[in-house]
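Visitor: These are the residues of each chain, in order.
There are 2 protein chains.
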Amino acid sequence: MSEIKRPPKRFDYIDDGAAIYVDSFATIRRETGFDHLPADAERVAVRMVHGTGQIDLAHDLVIHDDLVSTARTALQLGAPIITDAHMVASGVTRARLPKDNEVLCALRDPQVPALAKSMGTTRSAAALSLLEDRFDGAVIAIGNAPTALFHLLEMLLDGAPRPAAIVGCPVGFIGAAESKQALEETVHEGLGIPFLTIRGRRGGSAMTASALNALAQEKE
Amino acid sequence: MSEIKRPPKRFDYIDDGAAIYVDSFATIRRETGFDHLPADAERVAVRMVHGTGQIDLAHDLVIHDDLVSTARTALQLGAPIITDAHMVASGVTRARLPKDNEVLCALRDPQVPALAKSMGTTRSAAALSLLEDRFDGAVIAIGNAPTALFHLLEMLLDGAPRPAAIVGCPVGFIGAAESKQALEETVHEGLGIPFLTIRGRRGGSAMTASALNALAQEKE
Numbered sequence: 001m002s003e004i005k006r007p008p009k010r011f012d013y014i015d016d017g018a019a020i021y022v023d024s025f026a027t028i029r030r031e032t033g034f035d036h037l038p039a040d041a042e043r044v045a046v047r048m049v050h051g052t053g054q055i056d057l058a059h060d061l062v063i064h065d066d067l068v069s070t071a072r073t074a075l076q077l078g079a080p081i082i083t084d085a086h087m088v089a090s091g092v093t094r095a096r097l098p099k100d101n102e103v104l105c106a107l108r109d110p111q112v113p114a115l116a117k118s119m120g121t122t123r124s125a126a127a128l129s130l131l132e133d134r135f136d137g138a139v140i141a142i143g144n145a146p147t148a149l150f151h152l153l154e155m156l157l158d159g160a161p162r163p164a165a166i167v168g169c170p171v172g173f174i175g176a177a178e179s180k181q182a183l184e185e186t187v188h189e190g191l192g193i194p195f196l197t198i199r200g201r202r203g204g205s206a207m208t209a210s211a212l213n214a215l216a217q218e219k220e
Numbered sequence: 001m002s003e004i005k006r007p008p009k010r011f012d013y014i015d016d017g018a019a020i021y022v023d024s025f026a027t028i029r030r031e032t033g034f035d036h037l038p039a040d041a042e043r044v045a046v047r048m049v050h051g052t053g054q055i056d057l058a059h060d061l062v063i064h065d066d067l068v069s070t071a072r073t074a075l076q077l078g079a080p081i082i083t084d085a086h087m088v089a090s091g092v093t094r095a096r097l098p099k100d101n102e103v104l105c106a107l108r109d110p111q112v113p114a115l116a117k118s119m120g121t122t123r124s125a126a127a128l129s130l131l132e133d134r135f136d137g138a139v140i141a142i143g144n145a146p147t148a149l150f151h152l153l154e155m156l157l158d159g160a161p162r163p164a165a166i167v168g169c170p171v172g173f174i175g176a177a178e179s180k181q182a183l184e185e186t187v188h189e190g191l192g193i194p195f196l197t198i199r200g201r202r203g204g205s206a207m208t209a210s211a212l213n214a215l216a217q218e219k220e
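The listed protein sequences derive, respectively, from chains A and B.
Numbering-wise (the numbering used here), the first sequence opens with residue 1 and increments by one.
Numbering-wise (the numbering used here), the second sequence opens with residue 1 and increments by one.
If you are wondering where the hints come from, they were derived from the structure by calculation, not from laboratory data.
These numbers were taken from a predicted model, which means no experiment stands behind them.
Here a beta-carbon is modelled for each residue, glycine too, at the ideal position from N, C-alpha and C.
Among these hints, one or two may not hold up.
[As the list claims (entries may be wrong)] Here are the simulated BS3-like cross-link-like pairs (lysine-lysine), alpha carbons at most 30 Å apart as the crow flies:
#1 K117(A) - K219(B)
#2 K117(A) - K9(B)
#3 K9(B) - K99(B)
#4 K99(A) - K9(B)
#5 K219(A) - K99(A)
#6 K9(A) - K99(B)
#7 K117(B) - K219(A)
#8 K117(A) - K5(B)
#9 K9(B) - K5(A)
#10 K99(B) - K117(A)
[Claimed, not checked] Per label pair, the in silico range of CB-to-CB distance:
#11 D158(B) - E132(A): 30 to 40 Å
#12 E189(A) - E184(B): 16 to 26 Å
#13 D56(A) - T93(B): 28 to 38 Å
#14 E220(A) - R29(B): 24 to 34 Å
#15 I4(B) - K5(A): 29 to 39 Å
#16 R96(A) - Q111(B): 46 to 56 Å
#17 P110(A) - Y21(B): 47 to 57 Å
#18 E185(A) - R162(B): 23 to 33 Å
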């Protein structure tokens, strides 16, 4: 390894990882505000903006008053994170997890294709059903498939064990905005589970992982 | 498994995975155009828009005339994909790869922390240097760290083996836009490696993985 040398620096850029974080977060706070969100959710929103490079994301975020305290407490108590996509799981910084929490995704479980077919829904949705016995007290994060979020809501309305919190940020052109609207409405109409979402078509694994990393620890 | 039942469907949504893809791609094509891009890059752009839920992404894409043919041929010949982030690697759909191609990311190599420190740069940048002997003919995809893209350009200008193509889509507020501008300029000023990038702060693992999945196969 001693033979590997840094090539000559030809561009003018910051190459200190810690400084990049500090400057990034300062830029975000200079350029936008988060007054419409609960005070304890500001760092979550900043990290989500950071993960996407998009300042205007802040306006579309909806964060329940109890989301941060409930999700953080659950993780501190050792709750698992359950997600619909391996990219989300891959984006969770394990060193930030307070209890070396499990990060679960069943999408590659060999039972999934047959289960999806028998259920008449997507693999992402069916995979969630395989983890139903881990829902109780978990933090469930949907960062890819609108069908997974719809399916999750249907499981919960049908009596599935109650997670501590839901991060619902599926992305896309077919059903994404609608699934997130259903999450908001279902929670307001009585499901009562603290949630985080982003209105519209935007979403995805990066911003979902950013939210989880911010919920895992208050430290930036 | 026979006991797992689908909960009653309470929302009106499309739950057929194949139909969702078809409708999504049709929506994207109805809402935007890709006339500023090479004709053979249209499907790549559509898939990147799809992965982010953002129609206006198309305007900021820059795709070299030879990018699609060069990257696709390289992958068909068995070239590895080299990336800066495990999220990108996780987002590559293995079933789309024509030769069960390797997808390499050295970020968790135990040598990385010490190497980054000795080089005076980020772990993401240092990790690329560990894979230099795999660069020749590879498809290199930077989907997270601007410092990794700057470092890659510096390695290439310093004589590192020449990859077949570069997908350069780091994201963020510090150095991202600048690193992608450097990619464009360096290539135009003589490096001559076909590339794909997105101007500005946007970028990230999801759109980078989408690009790779589109390059891997023409089939949608």
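Visitor: Taking the hints in turn, state whether each one holds.
Guide: We went through each hint and held it up to the structure:
1. Restraint check for K117(A) and K219(B): the C-alpha separation of about 23 Å stays at or below 30 Å, so the hint holds.
2. For a cut-off of 30 Å, the pair hint linking K117(A) to K9(B) stands: about 15 Å separates their Cα positions.
3. For the hint linking K9(B) to K99(B), the alpha-carbon distance of about 40 Å lies beyond 30 Å, and the restraint is violated.
4. Pair hint K99(A) plus K9(B) does not hold up; C-alpha atoms about 36 Å apart against a cutoff of 30 Å.
5. A hinted pair counts as satisfied when its Cα atoms are at most 30 Å apart, and K219(A) with K99(A) qualifies at roughly 15 Å.
6. The hinted pair formed by K9(A) and K99(B) fails the criterion: a straight-line CA distance of about 36 Å is larger than 30 Å.
7. Distance check on the hinted pair: K117(B) and K219(A) sit about 23 Å apart at the alpha-carbon level, within 30 Å; holds.
8. At most 30 Å may separate the alpha-carbon atoms for a hinted pair to count; K117(A) and K5(B) meet this at roughly 12 Å.
9. Between K9(B) and K5(A) the alpha-carbon distance is near 59 Å, which puts this suggested pair outside the 30 Å criterion.
10. Using a Cα cut-off of 30 Å, the hinted pair K99(B) and K117(A) holds, with the two alpha carbons roughly 28 Å apart.
11. For D158(B) and E132(A), the hinted distance range of 30 to 40 Å is not satisfied, since their beta carbons lie about 54 Å from each other.
12. Checking the proposed 16 to 26 Å range against E189(A) and E184(B) shows it is violated: the Cβ atoms sit about 50 Å from each other.
13. Separation of D56(A) from T93(B) is about 30 Å and conforms to the stated range, judged on CB atoms against 28 to 38 Å.
14. A hinted range of 24 to 34 Å for the beta carbons of E220(A) and R29(B) is inconsistent with their spacing of about 41 Å.
15. A hinted range of 29 to 39 Å for the beta carbons of I4(B) and K5(A) is inconsistent with their spacing of about 56 Å.
16. In this structure the hint that R96(A) and Q111(B) lie 46 to 56 Å apart at CB is violated, the actual value being about 23 Å.
17. Range check, P110(A) to Y21(B): about 23 Å between beta-carbon atoms, so the 47 to 57 Å window is missed.
18. For the hinted restraint 23 to 33 Å between E185(A) and R162(B), the CB-CB distance of approximately 54 Å leaves it violated.
The earlier numbered hints that this structure contradicts are 3, 4, 6, 9, 11, 12, 14, 15, 16, 17, 18.
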